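Each number in the working numbering corresponds to the 1-based position in the sequence shown with 580 added.
There is no bait here: all hints are sound.
BS3-like mimics (lysine-lysine), calculated; alpha carbons at most 27 angstroms apart, straight line:
id	residue 1	residue 2
1	670	605
2	614	598
3	605	674
4	608	590
5	674	598
6	674	614
7	614	670
Pairwise CB distance ranges (calculated):
id	residue 1	residue 2	range
8	586	644	49 to 55 angstroms
9	615	639	36 to 42 angstroms
10	637	614	36 to 42 angstroms
11	583	631	21 to 27 angstroms
12	636	594	24 to 30 angstroms
13	598	638	27 to 33 angstroms
14	636	595	27 to 33 angstroms
Treat the hints as calculated values from the structure; they're not laboratory data.
It should be emphasised that the depicted structure is a prediction, and the values quoted were computed from it without experimental measurement.
The beta-carbon is built from N, C-alpha and C at its ideal position, and this holds for glycine as well.
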Amino acid sequence: MPICQNCGTKWSWFSSIKKLLTFRKSMKCNHCGKIQYQSTSSRNTTSLVILFPLITIPIMVLFDLSLISVMLLDITILFLALLVMPLFLKLTDKEEPLW
581 MPICQNCGTK WSWFSSIKKL LTFRKSMKCN HCGKIQYQST SSRNTTSLVI LFPLITIPIM
641 VLFDLSLISV MLLDITILFL ALLVMPLFLK LTDKEEPLW
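Based on the sequences and whatever the hints tell you, model everything.
What follows is the structure in structure tokens.
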């Protein structure tokens, strides 16, 4: 779970997922109120995690699964990806470039 670089408070899973799903670059710490940013490595990792359900669609189609089963499996994988995303969230007090 992410830890604020200013006050050292560990963020909860719920607040982490809430901040990740706002699609803003900056995130405010609930404890100290200072602005935090997602690190470059964390941004890259969470992007790969969220893309994983899209990558699995062609594989499921190759196995000749029905459309309903592909959609249900993909929704399940997307939900699981959202559940683990806060585990990969790392914070920094400075905004870092993507590369």
